[in-house]
Each structure stands twice: as C-alpha cells, then as structure tokens.
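Number of protein chains: 2
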Amino acid sequence: MGALHAGHLSLVRKSTTIADRTVASIFINPRQFSPTEDLETYPRNEEHDLKQLAAQGCDLVYVPSRDAMYPKGYQTSIVVPELSQGLCGTSRPHFFGGVATVVCKLLNQCRPDLAVFGEKDYQQLLIIKRMVTDLDIDVKIIGSAIVREKDGLAMSSRNAYLSSQDRATAGHLNRVIAEVARTIASGARADEALCRGRAALLSTGFPSIDYIEVRSADDLTLLGPGVIDQPARVFVATVIGKTRLIDNWPIDKNQ
Amino acid sequence: MGALHAGHLSLVRKSTTIADRTVASIFINPRQFSPTEDLETYPRNEEHDLKQLAAQGCDLVYVPSRDAMYPKGYQTSIVVPELSQGLCGTSRPHFFGGVATVVCKLLNQCRPDLAVFGEKDYQQLLIIKRMVTDLDIDVKIIGSAIVREKDGLAMSSRNAYLSSQDRATAGHLNRVIAEVARTIASGARADEALCRGRAALLSTGFPSIDYIEVRSADDLTLLGPGVIDQPARVFVATVIGKTRLIDNWPIDKNQ
Chain A
1 MGALHAGHLS
11 LVRKSTTIAD
21 RTVASIFINP
31 RQFSPTEDLE
41 TYPRNEEHDL
51 KQLAAQGCDL
61 VYVPSRDAMY
71 PKGYQTSIVV
81 PELSQGLCGT
91 SRPHFFGGVA
101 TVVCKLLNQC
111 RPDLAVFGEK
121 DYQQLLIIKR
131 MVTDLDIDVK
141 IIGSAIVREK
151 DGLAMSSRNA
161 YLSSQDRATA
171 GHLNRVIAEV
181 ARTIASGARA
191 DEALCRGRAA
201 LLSTGFPSID
211 YIEVRSADDL
221 TLLGPGVIDQ
231 PARVFVATVI
241 GKTRLIDNWP
251 IDKNQ
Chain B
1 MGALHAGHLS
11 LVRKSTTIAD
21 RTVASIFINP
31 RQFSPTEDLE
41 TYPRNEEHDL
51 KQLAAQGCDL
61 VYVPSRDAMY
71 PKGYQTSIVV
81 PELSQGLCGT
91 SRPHFFGGVA
101 TVVCKLLNQC
111 RPDLAVFGEK
121 DYQQLLIIKR
131 MVTDLDIDVK
141 IIGSAIVREK
151 DGLAMSSRNA
161 YLSSQDRATA
171 GHLNRVIAEV
181 ARTIASGARA
191 DEALCRGRAA
201 LLSTGFPSID
211 YIEVRSADDL
221 TLLGPGVIDQ
231 PARVFVATVI
241 GKTRLIDNWP
251 IDKNQ
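Chains as they are written, first to last, in the working numbering: chain A, 1 to 255; chain B, 1 to 255.
Honestly, the hints are just simulated from the structure, not real lab data.
Note that this is a predicted model, so its numbers are computed, not measured.
Please note: incorrect hints may appear among the correct ones.
Which copy is meant is left open, because identical chains are indistinguishable; a pair holds if it fits in one copy or across any two.
Stated by the list, open to error - With a straight-line cut-off of 30 Å between C-alpha atoms, the simulated DSBU-like cross-links for lysine-lysine are:
| # | residue 1 | residue 2 |
| --- | --- | --- |
| 1 | K140 | K129 |
| 2 | K120 | K253 |
| 3 | K72 | K120 |
| 4 | K253 | K72 |
| 5 | K120 | K51 |
| 6 | K72 | K242 |
| 7 | K51 | K253 |
For reference, chain A alone in the conformation it holds in the complex (with noise of 0.2 Å):
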C-alpha cells in the first residue's frame, strides 16, 4: 500500500536474492478499508517510494488506478472464513475479503513464480497461503520476518501517526509479548502469562488491548489455556491515540 519502511524494503531485497526478477505493487486497496477507516488519510508518498524500491533492485512497480482494478459493474469477492475469524477479523470484518480479492487479483495480473508476505500480517500471510492452495493458484507464497525499530516496534506506515509519547509507550508492545512468549515456551501456562502479559500493556500506558492471545502457528487455532507443546505464537493488538498497532511473536523453544 505504498508509505514503504523498512519492512517492505526486507521483502524487495528477499524477492531479489531468490527471483529472477521482481515486481512490486503499490495499491491503497479501498476495499480492505471500512468506511470508519483511514482510507483517504493513509500515508502516500509514491515519489519516495519508487525510489527506494529502485535503489533496493526491484525491477518493476505497479500503481494500478482503483479504476483499473475495480471498474463499474466490479463485483466478485473472495472470503476465507475460518482463517478470517478472529484476531483482526474480529475488529475489522471485511478486512481479510478485501486483501485475499485483491491478491488474488494482482498474482493473477502479475503471475509471479513466487510472492513474498510479511509476518507483520500473519493472519493475512495465512488467509493468502490458504487462499492460493484452496483456489490453486500456481504461486508459492513465502513469509518474511518482521523488521523492527531501535527498540523493536514492529515498523508499520502507520506509525507516523503516533505522537511522540504514543510513540514512547508503542516501544513496550513487542518486549511485553516477547516476553510473554519466552515464559509459555519456558513452560508456564499460557492463560498466566496473558494475565501478566496484559497487566503489563495497561500498566506501561496502553489505554485498551484489543486482543492478546496465544494461538497455532500453522491455522490460528486459539491454544491454552494450559502449557503450549505445538508451533505457536503470540498475538496482541492495541489502539493508542487513533492508531491501531498490531504485532506478534513466536513461541520458541529452543531460544
């Protein structure tokens, strides 16, 4: 969706080291937008953008129009339900719809051999992987790990809307959930480390937790509330200010 960091960035030069060439799309999808959502207000900036992507070797970008990829009489969606419930779904239910269509869309346009997705967004990197198996698409789909700020912010274009003390506060998110993941992976419970997992957001100055959960790596199923013996990770989400943050982590055994 353009607005890049260095998270994209990671996912350019990924494709680089194992593609012959590489395309990137940079598309505000207004249909993964609620009409209470920041559509019109999303961090744009294309000129920037496209040179960073050249600077990174990507050697082609793509803008479609919304008019290219939703002219008049547009009307077919996709759903991945079970995968979309949950989590993010739950807040934002025609989100996961909007980004499966549109991926669907743009690999079918571009017809990639394989497509990189960013753990950032592992609900949406699982919809996508589920997507393109169920509707056999002939693409491999490959996750990417999350970049992160100095002090291990997930980075996200909407960070820039924090304030300087929001963006003080959103620095906790992700040594709290780490933290909670290196107590289950050490064996606690996961219910007793949620409970003090989401103790600690409130008390560092997070005003609401949407979501701090523990759930399968592999289909999302939510885990716990005992010790936790499959691949898993944990997911939080939060609104500070008018901005929402999402991260998550995996459960490791052997860190």
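Starting from the structure of chain A, add chain B where the hints point.
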C-alpha cells in the same frame, strides 16, 4: 457434472473447432448442492460419458475426486453477489458461490485459453464471465446455444428424473417462453406477455412456476413492465414432480 447429453457434447464440439486441444472435466461438485438437493442421487454414468467424449474428439477428461478438489482444511469461496441475486439465486442461495469457486479452481488447474459454457445456465454463464473479468483470470469464456430435444425441451441431465406424463408436459415449457419472447419482440408490453405465459404454463399442467421474467441479456437487470428496447431474454423455472426445470429464450426483434 457428467451424465452427458447432446448439450454437453455440443460444447466439446464447439471447443474442438476453435481450440488446438480440448479438455473436459467431470466433477459432481458438492459445494453447489444444498443439503436438501440431489447430490447423492444426481445421475452418474462415467463409463458412457468417457466414450462419448472420446467420440467427439475430446483430448483429455479430468475426473478429480472430492478430496482432491476440497482436501481437509479447504475453506475459500468466491461470491459474485449482484448477478447471484434473483432467478435461481433466490431458491438456491449457495448454488452460484459453489459454481464460481469450482470453476475458478478448474480454470487455474487447467489454464485453458478459452472455456465453453452453455446458455441453458445463462445466469451461471454471466457469473462466470463476471468472475473471470473481476479476478483477472486469463481465459476467454464462450457461451454456446442451448441444445433441445425434438419437442424443444432444453437438454438437462435432470430430465431423466421425469415421469412420462411430466416429460410430455415439460415439452411445453420452451414453446410458451418462445411465444412470450416473440410477443415482446413484436412490441407487446412485457408484463402482459408474461401474464399470458404464466397462465399458459399453469393450464398446460405445470403445478407451479418459480419465476417467469424478462431480464437484460448483459447483466440480468429485471426489465419491464413496458416495452423492451434492449438485449433481453425470457427466463423461466418450474418444478414438476421433484424435478426443477429451467430455460431461457432471447427476445430477438429481427426474428
């Protein structure tokens, strides 16, 4: 879906005249049947189907299992909401979602240059065209004229369900809508022609009429009640015995 008749075979012949290679699929798609419909009793005659396809010059027949099409964890579906409203979408609300999804899968599995669908299922044909355009699937969808029995009954695998008395009644369906289409083409009001058509069907022995309507041939917009001055068709659906019959007829001012 197999149980092939001359209508299906006409699609194969059409393909062999315009394409280098012709592939047919036989798959009774569970996702386009409701729990109360005839999935388990739908007519099957695979051996005979394969012989007929070979005789028409079909190069390959694809007969996937249900598990190959919808393995464990499958969940994605495609909806084309506006075109799926009205006509058969009213009594079969999940039908067209099941059709659009399986056709998308088959197109992605086969990657044909063109695909031929019959005009008997005219709403389905427009939904598939719309999906292919909307999702940027690289295939040309070609409609093919309805093939009829000697008395004009549109060929359908479900005609095999009809008792001999119901089969005799069924032969009047096409004649009534052809007469409605001719009357409208000659300048009569649509509402009056449809009322006469409805009365003619009831008096001929059809116990009930699901719908008899005039709609745009391009986007299925409901037309009338007055004179029709754009490309249009008469659409009809009835249930006789336990068998649902559908048909449609172009309103052609040059006829």
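- Query: Which earlier hints can't be squared with this structure?
  - Reply: As far as the earlier hints go, 6 and 7 are violated by this structure, in ascending order.
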